[in-house]
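Trainee: Protein chains in written order, with the numbering used here: chain A, 1 to 273; chain B, 1 to 305; chain C, 1 to 340.
Rather than coming from a laboratory, the hints here were simulated on the basis of the structure. Here the structure is a predicted model, which is why all the values come from computation and not from measurement. Any given hint could be a false lead.
As the list claims (entries may be wrong) - Computed footprint of chain A on chain B; a stretch qualifies when at least three of its residues, placed anywhere within it, have a C-beta under 8 Å from a C-beta of chain A:
(1) 63-70
(2) 91-99
(3) 158-167
(4) 212-221
(5) 276-289
To be verified - Subject to a maximum C-alpha distance of 27 Å in a straight line, what follows is the list of computed DSSO-like cross-link-like pairs (lysine-lysine):
(6) LYS113(C) to LYS128(C)
(7) LYS28(C) to LYS74(C)
(8) LYS59(C) to LYS126(C)
(9) LYS167(C) to LYS101(A)
(10) LYS59(C) to LYS101(A)
(11) LYS18(A) to LYS196(B)
(12) LYS126(C) to LYS104(C)
(13) LYS28(C) to LYS113(C)
(14) LYS74(C) to LYS113(C)
Ideal Cβ positions, reconstructed from N, Cα and C, are used throughout, including at glycine.
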Amino acid sequence: MSKAASVAGGKKTSLAGKIFLAVVAIYLLVPFVTTFIYSLFVEWTDILPSGFTLRNYIELFSNMTFWSSIGRTLILCIVSVAITIVLILLAMYVVVAVNRKFAGAMQFLCMIPYALQGVILSIGIISLYTGTGTILSNRMFMLFGAYTILVLPYIYQGIRNALNSIDAEMLIQAAEMLGCGRFRAYVQVVLPNILSGILVSSLLAESIIFGDFVLANNIAGTNYQNIQVFLQANMDVSSGLSSAIVVVIFVVVALVTGIVLKLQGASRKSVKE
Amino acid sequence: MQQTAVMGQQEAESAQTTTKALPRRRPWLGYLAIVPFFLVVALFEIMPLLQLALNSVIGRDSEALGLENFIRVFTTPLYQQSIWNSVWISLLSAVVGIVVAFLAARFCSDASPRVQNAFTMILNMMSNFSGVPLAFAFMILMGNSGVLTLIGQNFGIPFLADFNLYGSEGLVLMYIYFQIPLATLLLIPAFAGIRKEWREAATILRASTFDYWFRIVIPNLMPSILGTLSVLFSNALAAYATAYALVMNNYALLALQITSRFKGDVQTDAATGGALAMVLIALMVACTLINNYFTRRAAKGRELV
Amino acid sequence: MAYIEFHDVVKRFGDNTVLDHINFGIEKGDLVTLLGPSGCGKSTLLRCLSGLEQVTEGKIILDGADVTNVPASKRNIGMVFQQYSLFPNMNVEQNIAFGLKMQKVPTDQIAEKVARAVDMVELKGKEKMYPANLSGGQQQRVALARSIVTEPKVLLLDEPLSAIDAKLRRALQSRIREIQQELGLTSIFVTHDQDEAMVMSDVIQLFHAGRIEQAGSPVDVYTKPISEFAASFIGSYNQLTAAEFADLTGERVDAGNVVAVRPETIGISTEEPEADDAYVLKGMVVGSMPRGNVLRYTVRTRTSVLRVDVLFRSFHMFNDGETVYLALPKHDCLVIPAAA
C-alpha cells in the first residue's frame, strides 16, 4: 500500500519536476531570447515584431568604435589574465617547493577579491592613485592592476587544485632526487601536468573580465571603452544596435563557457578512467 | 687524547674542502618568486583598501580622526535609505533565489541525465547573463514600451502593464534573475551528497515523506543552504552594473551611492564614500565569515559520513 | 671510516624532536633497513640523507664528503617513494631517462642505459606506456628503474612496497634485493614491517622514538632483542614480568627486567615432559588460531597468558579447555631490561 503510494508519488514529482524545471528555464531564457528576436526586426511596437532585418548587425560590424572596444576588451582580458597566471605560478612555486607556510597567506590574499568584488576594488584604486602624478595614476595601469586582482581568486583556485591533484610537492622531490633543481623541476615536470587546469581557470577568468562593467567604467570610463561600457553608452542612443551588442557579448561568453564545460567534462572523464 | 684532537682537526679540514667543492644550498633565493605577487597584491588590493579605511576615519569637515563620516552616513536620510534598500533587496532576492534554487536542484537531481545536462547547460550559460546586458534585456521586456508591457496593456494585465522596472520592483526582479542560476549551480552538488540509501533507510524506519524531507534532507543540506544564501546576499550587495545601467545613480542603493561619491558629476566626497564603503565591506565580511563557518561545518559533516 | 656516516644528527620540527642524536655508519654495498613503528623518525632520517629535509644539528658524511648542506639535486642519491611519484606526462622510457638527461649523458648512451634498466625491472614492452595505465607494482618498478639508472651513490627506499598487495609485495622484495646485490648498490630501506626487514636486510637499525634502539643482523635482532620495545616489535615475544617469572619457575630475576620468550621456542604436550634445560609449566588451552603454516595456541597458566606456536600438523591438535604442559627452554628465556 505505502509502496504503491510512494511509487505513484515518485512519478508525480517527476512530472511536477519537469514542469518546474521548464518554468525556471523559460524564465532564464526569455530575456535573452527576446533581445535576440528584437535585434532581428525593424520594430517591435505590437505584440509581434515586424520587418525581419540584419541591419542592426551590419551596422554594428561596420562600426569602428565597436571593433576598437572589442579589441580593447580582448587586450584587457588576455594581458591581465596572463599577468595573474604568471604571478600565481611564481608564488605557488614558493608554496610547493620552498616553504609550505605561505599557503595560508596566499589563500587569504587571493580570496579577498572574491568577497570585495568590483565596486570596492575600483573606488579604492581610483581613490588611492588618481592625481598622484606617478606612473600609477595612469588609468591603464590602474585598470590592468584592478583586473589582475579581480581574477585572482579564480586563477588561484584553478592552479592550486591542479597542483594538489598531481601532488606537485612529491613530483618536485622526485625530480630533485634525479639531479634536477627545484625551480627547473617546477617548470619542466610540474607545469606540463597542470596546463589543462590553468587553461580552464584562465578561460573562466577571461569571461569574467569580458563581462566586467564596474572596473572599466569606474577606472577608465570613456577614456578606454571596453565592450560593456560601449554597450552602456549606446543603450540610450539606439536600442536596435544595443540589442545586437548584447547578442554578440552573450555569444562570445557562451562560447567560452561551452569550451570550459567541455574541458572540465573531459578531465573528469579521464580521472574516472 | 691528543690523537683524537688531531683527528678532529683533520675531519674538520676535509669537511671544509668538500663543502667548497660541492654547491651549497641557497634557500633564500627561492623566496624571490613570491615577491611580484606580494607587490601587486599590496599595490592593487591591500593599499586601496587601506586608503578607503583611511578616507572613512578622517572627517570631511573637521579633517580630524574620528567617526564623523560614519555619523553622517547613519544620520543622512539618503544614506540610511541606501543601506536599508541594499540590505532588503539583497536579502529578498537571496531568499527567493534560494527557494527556487532548492526546488530546481532537487528536481534536477532526480531528473534523467539528459534533462540534467540540458538544465545545467542553461544555468551555466545564463549565469553569465548579468550586468548591463541583463538590464538592457529587461528594458526591452518590461520597460516603458517593453514587449511584456505591451502585452499587458493589450490584454489588460495590470501587473505587466503597470510594472515599474525603474525602481525597487524592477531591481528585485533582475536580482532574482541573476541569483537563480548561481544558487542552483551551488546547490546541485549538495544534493548529490544526499544518498539514496537514506531514503530507503528512512522508509524502513517508517518515516513519512514529510519526515524524510524535514528531518533528514533539509537538516543535512542546511550548511550548504545557509552558505549559498550568504554568497547570494553578498553577491547582490556588491552588484553594480545591473542597477547602474537601469537607473544610473538615481536610486538610493549602497553600491551606486559609494561610486557616485568618488565619480560624482559635481564634486567627489571620498570621506563619505569611504565610510559607505566600510559599511558595505562590513556587511560582506560578515557574510563571508558566516559562509566560511557553514562550509567548514559542512566539510566536517562530510568527514563524519 | 664507513661509506655513510651520521654524526649526532638531530632533527626538530618546532618543539618536536623527531631525531635525537643519531650516530651510525653504513658500509658500502650493504642494504640497511630502518625499521620501526610510524612516527619513530626513520623516514625523516632518510629524508635528511636525501637532502629533502635539513638536519637541525649534526652532520652527514657520504663517501668521504660532508653533504650536510649540499642540495638534494647535487648529492647523487637515488630515491624511491611510497607513492611512486612518476611524472604523469612522461612515458616509462622518458621517466627512466629523466635523471640521465639531467646529468647530460649523451643520447645514445641514454637509450642503452634505459633499455638495460627496463630489462632489469622486467618491464620490457611497456616502454611507451604512461604511468596512469600501469598497475601499482609496475609503477613502482619504473620508479626503481628511474632511480638506479643514474648509478647513484646510495639508493633510498621509503616504504616503497606498502601500497602494494601482499603477494606482489613478496615478489618485489626479492627482486629489489637481487638487483641491489647484483649492482652492489648501497641501499637504505625504510619499513614498518618486521618480516620485510628480515627478508631484505644485511643490517637492521631498529628505531624507537627518534633513537636507535638496536642494530644488528636480522638474526641477531630477531633472536637477541636487547629491550622490551625490541622484543615486542620484533617477533611476538611473550613477555613475563620478574614477579610472574619467579612465580612460574621459581627463578629470580631483577625487578627492573622482563623475561621474553618467543612463541615458537615453547614446547607443548599433554604429558608432563622431563627436561632439565627447560622450565615446565602447567596450563590450559584457551584458544587456537591458524596463522599460515603455524598454529598459535593461547595458553593460560597460573599467573599469565602465553602464546605458543607449533607447526601446523594435523595429527594432533589441542582442544580448548585441555590441560597441557609447556616447556620453556632455559636458553630461550631472555632477560632484558623493562621499558621505563
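Trainee: Hint by hint, say whether it matches the structure.
Mentor: How the hints compare with the structure:
Only when three residues or more bring their CB closer than 8 Å to a CB of chain A does the claim for the region 63-70 of chain B stand; here the count is 0, and the claim is violated. Check result for the region 91-99 of chain B against chain A: violated, 0 residues qualifying (beta carbon to beta carbon below 8 Å, three or more required). Using a Cβ-Cβ cut-off of 8 Å, 0 residues of the region 158-167 of chain B lie near chain A, which falls short of the minimum of three, so the contact claim is violated. Counting residues of the region 212-221 of chain B whose CB lies closer than 8 Å to any CB of chain A gives 0, so the stated coverage by that chain is violated, three being the minimum.
Look at the region 276-289 of chain B against chain A: 7 of its residues bring a Cβ nearer than 8 Å to a Cβ of that chain, three or more, so the hint holds. A C-alpha spacing of about 16 Å is found between LYS113(C) and LYS128(C), which places the hinted pair at or below 27 Å, so the restraint holds. Proposed proximity of LYS28(C) and LYS74(C) is supported: the alpha carbons are some 20 Å apart, at most 27 Å. Note on LYS59(C) and LYS126(C): the hinted pairing is violated, with a Cα-Cα distance of about 42 Å set against a maximum of 27 Å.
For a cut-off of 27 Å, the pair hint linking LYS167(C) to LYS101(A) is broken: about 40 Å separates their Cα positions. Using a Cα cut-off of 27 Å, the hinted pair LYS59(C) and LYS101(A) holds, with the two alpha carbons roughly 26 Å apart. The suggested pairing of LYS18(A) with LYS196(B) holds, with an alpha-carbon distance near 20 Å, which does not exceed 27 Å. Taking the CA atoms of LYS126(C) and LYS104(C), the gap is near 25 Å; set against the 27 Å cutoff, the hint holds.
Using a Cα cut-off of 27 Å, the hinted pair LYS28(C) and LYS113(C) holds, with the two alpha carbons roughly 23 Å apart. Of the pairs offered as hints, the one joining LYS74(C) and LYS113(C) holds, with about 21 Å between alpha carbons and a cut-off of 27 Å not exceeded.
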